[in-house]
Amino acid sequence: MSTHDLIVPAAAAAARPWRERLGTMVPILVLAPSIAASFIYVFVFTFWTLYISLSNSSLLPTYGFVGLDNYASLWANRRWNIAYTNLFLFSGFYIVGSMAVGLLLAIAIDQRVRGEAVWRTIFLYPLAVSFIVTGTVWSWLYNPVDGIQAFVRGLGWTDFSFALTANRNTAIYAVIITGIWQSSGFAMALFLAGLRSVDPDLVKAAQIDGASVFRTYRRVILPTIAPIFLAVAVIQIQFAIKTFDLVAALTRGGPGVSTTFPAIYVYDLMFQRGQIGEGAAAAMMMLAAVAVVLVPYSLWIVWRRRAEGRNG
Amino acid sequence: MAEVAPNARFDPEEAAATRRHFWSRFLVYAVLTLFAVVYLVPLLVVIFNSLREQSEIARNGLISVPRSFRFDAWAQAWGSYCVSGTCEGMKRNFFNSLAMTIPATIISTILGAMNGYILSKWRFRGSELIFNLMLLGVFMPGQISLMPWAFLLGKLGLTNSTYGLVLIHVVQGISFTTLFCRNFYVSIPDDLIKAARIDGAGFWRIFRKIILPLSPPILIVTVIWQFTGIWNEYLFGVVFTSGQQQPITAALVALTAGGTTARAYDVMSAAVLIGALPPLLIYLFGGKYFVRGLTQGAIK
Amino acid sequence: MSALMIRNLHKSYGSLEILAGINLEAKTGEFVALVGPSGCGKSTLLAMIAGLETVTSGEIWIGDRLVNSVRPKDRDIAMVFQSYALYPTMTVRQNITFGMESRGVPKAAQAEAVQRVAALLQIEQLLKRKPGQLSGGQRQRVAMGRALVRDPKLFLFDEPLSNLDAKLRVDMRTEIKKLHHRVGKTTVYVTHDQVEAMTLASRIAVMNQGSVQQFDTPKRIYDRPTNMFVAGFMGSPAMNFIPARLTGSTSISVRAADGSDASLALAAPMSAGAPKDVVLGIRPEHIYRFTTDLKSRKPAVASMQAPVELVEPTGAETLAVLRLGDLEITGRFEPDDAPVMGETITLGIDMSRACLFDPTTKALL
Ligand SMILES: Nc1ncnc2c1ncn2[C@@H]1O[C@H](COP(=O)(O)OP(=O)(O)OP(=O)(O)O)[C@@H](O)[C@H]1O
Ligand SMILES: [Mg+2]
Chain S
1 MSTHDLIVPA
11 AAAAARPWRE
21 RLGTMVPILV
31 LAPSIAASFI
41 YVFVFTFWTL
51 YISLSNSSLL
61 PTYGFVGLDN
71 YASLWANRRW
81 NIAYTNLFLF
91 SGFYIVGSMA
101 VGLLLAIAID
111 QRVRGEAVWR
121 TIFLYPLAVS
131 FIVTGTVWSW
141 LYNPVDGIQA
151 FVRGLGWTDF
161 SFALTANRNT
171 AIYAVIITGI
181 WQSSGFAMAL
191 FLAGLRSVDP
201 DLVKAAQIDG
211 ASVFRTYRRV
221 ILPTIAPIFL
231 AVAVIQIQFA
241 IKTFDLVAAL
251 TRGGPGVSTT
261 FPAIYVYDLM
271 FQRGQIGEGA
281 AAAMMMLAAV
291 AVVLVPYSLW
301 IVWRRRAEGR
311 NG
Chain U
1001 MAEVAPNARF
1011 DPEEAAATRR
1021 HFWSRFLVYA
1031 VLTLFAVVYL
1041 VPLLVVIFNS
1051 LREQSEIARN
1061 GLISVPRSFR
1071 FDAWAQAWGS
1081 YCVSGTCEGM
1091 KRNFFNSLAM
1101 TIPATIISTI
1111 LGAMNGYILS
1121 KWRFRGSELI
1131 FNLMLLGVFM
1141 PGQISLMPWA
1151 FLLGKLGLTN
1161 STYGLVLIHV
1171 VQGISFTTLF
1181 CRNFYVSIPD
1191 DLIKAARIDG
1201 AGFWRIFRKI
1211 ILPLSPPILI
1221 VTVIWQFTGI
1231 WNEYLFGVVF
1241 TSGQQQPITA
1251 ALVALTAGGT
1261 TARAYDVMSA
1271 AVLIGALPPL
1281 LIYLFGGKYF
1291 VRGLTQGAIK
Chain V
2001 MSALMIRNLH
2011 KSYGSLEILA
2021 GINLEAKTGE
2031 FVALVGPSGC
2041 GKSTLLAMIA
2051 GLETVTSGEI
2061 WIGDRLVNSV
2071 RPKDRDIAMV
2081 FQSYALYPTM
2091 TVRQNITFGM
2101 ESRGVPKAAQ
2111 AEAVQRVAAL
2121 LQIEQLLKRK
2131 PGQLSGGQRQ
2141 RVAMGRALVR
2151 DPKLFLFDEP
2161 LSNLDAKLRV
2171 DMRTEIKKLH
2181 HRVGKTTVYV
2191 THDQVEAMTL
2201 ASRIAVMNQG
2211 SVQQFDTPKR
2221 IYDRPTNMFV
2231 AGFMGSPAMN
2241 FIPARLTGST
2251 SISVRAADGS
2261 DASLALAAPM
2271 SAGAPKDVVL
2281 GIRPEHIYRF
2291 TTDLKSRKPA
2301 VASMQAPVEL
2311 VEPTGAETLA
2321 VLRLGDLEIT
2331 GRFEPDDAPV
2341 MGETITLGID
2351 MSRACLFDPT
2361 TKALL
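Taken in order, these protein sequences are the chains called S, U and V. Okay, so the first sequence: first residue is 1 according to my numbering, each after it adds one. Okay, so the second sequence: first residue is 1001 according to my numbering, each after it adds one. Okay, so the third sequence: first residue is 2001 according to my numbering, each after it adds one.
All the pointers check out, no bait thrown in.
For the chain U half of the interface with chain S, some residues (derived, Cβ under 8 Å), not all of them: (1) Phe1139; (2) Met1147; (3) Tyr1283; (4) Val1291.
Quick caveat, the hints were computed from the structure, so don't treat them as lab data. C-beta: ideal position from N, C-alpha, C; glycine also.
The task is simple: from the sequences and hints, build the whole structure.
Written out as structure tokens, the structure is:
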């Protein structure tokens, strides 16, 4: 409910002293710079990039209209196709993986364990460090000469092999594992907060109904925190699509082009190869990927709000 | 020999229950310990290696118990390590990052709090629309704005400068801070604002005396989110700055990009820790409030 | 002179009409209660009086001033909210002085006013606490203190007692009544508890779906409700509505339990224009066990047979559910004289207290 209608009847407004009328404008005046910035950032920038993507820009933006040529040459490129496939592969495993690990940890911590704060801090700290730091450190650990493989072999298991990043077919999994390592703590924190918000009487009722712990979680607790699953998933997809840093620090897109991502590809086209038009087209395709996720999600939110409005 | 109490009865149910309890506890702690090891090993490896001698690392590998101890790597990483010709370590980049992160965090938080206050408590026709517009900014991939920013920063004379990055992060950050603050402020009862208006308080007084004192939980979230997000950001840093102007993330990538042979793991480890330290400290002190506030404000 | 005058007030949100032409008035010192079912627009009306919602059309006068576009702080009003709306980060003292501070009242005068109000409400020992450390009743007092300290022309209360438990609510009700006697301020009091309205108010406005159904003294609202909505809303258990036929200008017939028609004589003759079908409205306390003694005390009593379906003793009185045709009606009896379940008794209905309604317009005939 609004606490204040700024739209006053014209006659009444005219009768008011100007100071008072200025007073009612204060909120809009304060908001104005942010509105302008957001409008430019969201709409002007998007249409600008869209426009560049339809132009023949190379080293500098130019505005000769070439239609969808940039998109055609983008999709004709094998490296771009790998990048887009990688994006979906990564997003799927990364989201499911970090949610699964996060949920497991949240449920474990929820069992009234000792030293809860310590466990929570351990699982959450990776969230504080950058993908750059995480990627750098894990690139060392994956390094077959210095990292985990060398360590295990040093323990005596001499034909142990762990060299994900050295192999074109497995490098993407190194990126996925590192991503999960970084962000499952975040999922854990949100799930834990959700678990804590479940009415304890509900759990007691389920116990009295004879449900096992597993069944209580599956049928009673988890369904009530279903919205959190969705929220976590949407946030993770955000990370997944924008991920540039992680790959840049971990594999730099290699070996070969096996871990190229759209974000990397955009950067390469725009700033390494001077193909701004095609780079803009690739950026637009990233926006399309976000929209594919976001539009259904926001429709769902709107629908849920409507439904709540009807029931309440 | 243990004496059995005369009237202690053997209860098979009780023994089974104890056993069940033991195994379920065991399982919980086993899972937690396993993951804790996975989460802590990388951190410990970096800390140890930043204190070991490079020769020892080369001999024993990255993962091993430290047998030497010294701070030289830290000093080098901070002040004298050479990256592409200049031998100044990371300190300049560290201060660049601070000069970028602190103002951008403060400005975007203040704007977000004001916007959130207006969009939740001083609604007007079209305010929902404006909120949704700002919300869209949360979901924009940075790559979309690269070219426009390059053009704008050029026009404003802010290319290759920390101020340019501050501008970018403020504009980008408004969406997040407004979202957080608005979602938090809507849960403050409207009656409070009404009561204050009857008490004669206006727009600013209500904000200062009623909203702000209630805001610490969400301001902590906003500040932590913005600080870590901006400090850790890499794309804009590497695109719009170079050399001495780069923030620490970009410098880290440049520093660790050296060839695969004879890498100076000790210095790189120290550099990585220097780059990770500010957000880590913020988390250690504010993490508890962050999670609590995030679930109050952001996730609705 | 009236302290508050509302003329033909409308409020809409877009095309949604919330208030449809409200007329209301409160004389200086009067206690007006607004009652009505949830969502009927009581809080909206109060917020408009306070200046917290804009007026779509119509006029609001406080004293001799048209306040339609006067800001809340300049209307000389004070308001107590259902949620109390105490500022959670301020102490009780700061809560009470916040308004005076906003207005730039000198510190010494502030302290004096707080002292006076705290003594009046007996909250002196709470002044240093924060709202979170108070019980529900204490919060309620502080909220009233914050309003009282303003010394306004007009007090507005929006369901101030509905968050309290039953016993505390009765206590606070008494206190509000005493307080009103002592300070004598004009008050508009929203509630959906009709007992509160009956006990506190000098006049009650019964609202439904955005309009005032009846605005009158509690006694007249109770005895002569202008329509079936008011009749049904006020009183608990509610008034019985019995379909009946006019069989002459002074008698009606109703269907009894065995299917036969029972004829009841009216206390006063009906006008000629009245419809044939009517609804007889009779409150539970005007239904008695018929005796000749009753007939001599209340000559307007009409009698009929009814089986007793259910008996509900509440202590001070006993309620009995009686069958009448395919209808159930409630009667209220002295516990000593109460019917027992299964018994068929002869009812004495006091027709001088009965109301007749038009079943199509629902209006009192
Ligand atoms: N900002 C708004 N936009 C649209 N409809 C509104 C708005 N505010 C209130 N309403 C509607 O106006 C009607 C009256 O609301 P109001 O709060 O005045 O009811 P009320 O009589 O105080 O009810 P209650 O006894 O439950 O407090 C309700 O149907 C409500 O849904
Ligand atoms: Mg209300």
